[in-house]
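Asks: Sequence:
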Amino acid sequence: MTDYRWQVLDKRLVADRSPFARAYDLDFRLPDGRVITNWLQVELPPFAITFPLTADGNVLFVRQYRQVVGDYLLELSAGHLEADETPQAAAARELLEEGGAVAAHWQFLGRYVMDANRGCGWAHVFLAREVRIVAPSNSGDVGGISVHLLPLAEVKRRWLAGEFVSAPTALAIGLALGALGA
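For the sequence shown, my numbering gives the first residue as -11, with consecutive numbering after it.
Hints in this document: simulated from the structure, not taken from any laboratory.
C-beta: ideal position from N, C-alpha, C; glycine also.
Among the hints, erroneous ones may be present.
To be verified - Derived EDC-like pairs (lysine to aspartate or glutamate); straight-line CA-CA distance at most 20 Å:
#1 K144 x D103
#2 K(-1) x D15
#3 K(-1) x D13
#4 K144 x D44
#5 K(-1) x D103
Said to hold, decoys possible - Here are the in silico distance ranges between beta carbons for each label pair:
#6 N126 x R17: 43 to 53 Å
#7 A71 x F16: 26 to 36 Å
#8 A141 x E118: 17 to 27 Å
#9 A43 x D103: 30 to 40 Å
#10 G150 x D(-9): 34 to 44 Å
#11 R22 x A170: 38 to 48 Å
#12 Q76 x A155: 19 to 29 Å
#13 Y(-8) x R120: 19 to 29 Å
#14 A155 x L(-3): 28 to 38 Å
#15 Q(-5) x A170: 19 to 29 Å
#16 W(-6) x G45: 38 to 48 Å
Given the sequences, and given the hints that come with them, work out the whole structure.
Replies: Structure (structure tokens):
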């Protein structure tokens, strides 16, 4: 049987913005013998993202400015895992920090890499049910953040129309809609 894996010949750190990101150049030997140099790999910390559904069928979103798109986006609450923190604990912490909300029931929807070729972090996706707002939003993030509740049918319509451009948010919405049978 032929080995299909790429053999790493060299890995060089090109940028270190710990704890938020590290970028590497890698050199590989392919199974056919060819060598690829300066392959960019990006390491971002694992994160949790939550689709928070209230008892009356609304989904809690946060609206915040995103520099790459140069505009405010409606997104689901998300954030990186702290040291020794479980994915569900991170999801609950972020929901409380960003959305000022807590959930009665949690369902794990899976773990997904953001870019299977370059890296860019692993997402731990959750569906939270019976969500209720208990405090003001206090994310501590750069820029303003506001909380918005959208009816589930409106979320589905916007998702199908491609209005959620943040990949983690779009992924979590699709997984949650599937889990809900919506």
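Asks: Falls inside 17 to 27 Å, the C-beta gap from A141 to E118?
Replies: Given about 19 Å between the Cβ atoms, the range holds.
Asks: Is the straight-line distance between the alpha-carbon of K144 and that of D44 20 Å or less?
Replies: Within the cut-off at roughly 16 Å; holds.
Asks: Within 20 Å, alpha carbon to alpha carbon, are K144 and D103?
Replies: With a Cα-Cα distance of about 24 Å, the restraint between K144 and D103 is violated, given a limit of 20 Å.
Asks: Taken at face value, is the distance from the CA of D15 to the CA of K(-1) at most 20 Å?
Replies: 7 Å, holds
Asks: Under the criterion that the straight-line Cα-Cα distance not exceed 20 Å, is the pair K(-1), D103 satisfied?
Replies: The hint holds at about 18 Å.
Asks: Does the Cβ pair W(-6), G45 satisfy 38 to 48 Å?
Replies: Holds, since W(-6) and G45 (Cβ atoms, about 47 Å apart) stay within the stated range.
Asks: Is it true that A43 and D103 lie within 30 to 40 Å of each other by Cβ?
Replies: At roughly 36 Å between Cβ atoms, D103 and A43 fall inside 30 to 40 Å, so the hint holds.
Asks: Is the hinted pair K(-1) and D13 satisfied, with a Cα-Cα distance of at most 20 Å?
Replies: 6 Å, holds
Asks: A range of 19 to 29 Å was offered for this pair. Does it hold for the Cβ distance of Q(-5) and A170?
Replies: 45 Å, violated
Asks: Is it true that G150 and D(-9) lie within 34 to 44 Å of each other by Cβ?
Replies: 40 Å, holds
Asks: Has the hinted range 38 to 48 Å been met by the Cβ atoms of R22 and A170?
Replies: 46 Å, holds
Asks: Within 26 to 36 Å or not, the Cβ separation of A71 and F16?
Replies: 31 Å, holds
Checked against the numbered hints given earlier, this structure breaks hints 1, 13 and 15; the rest are met.
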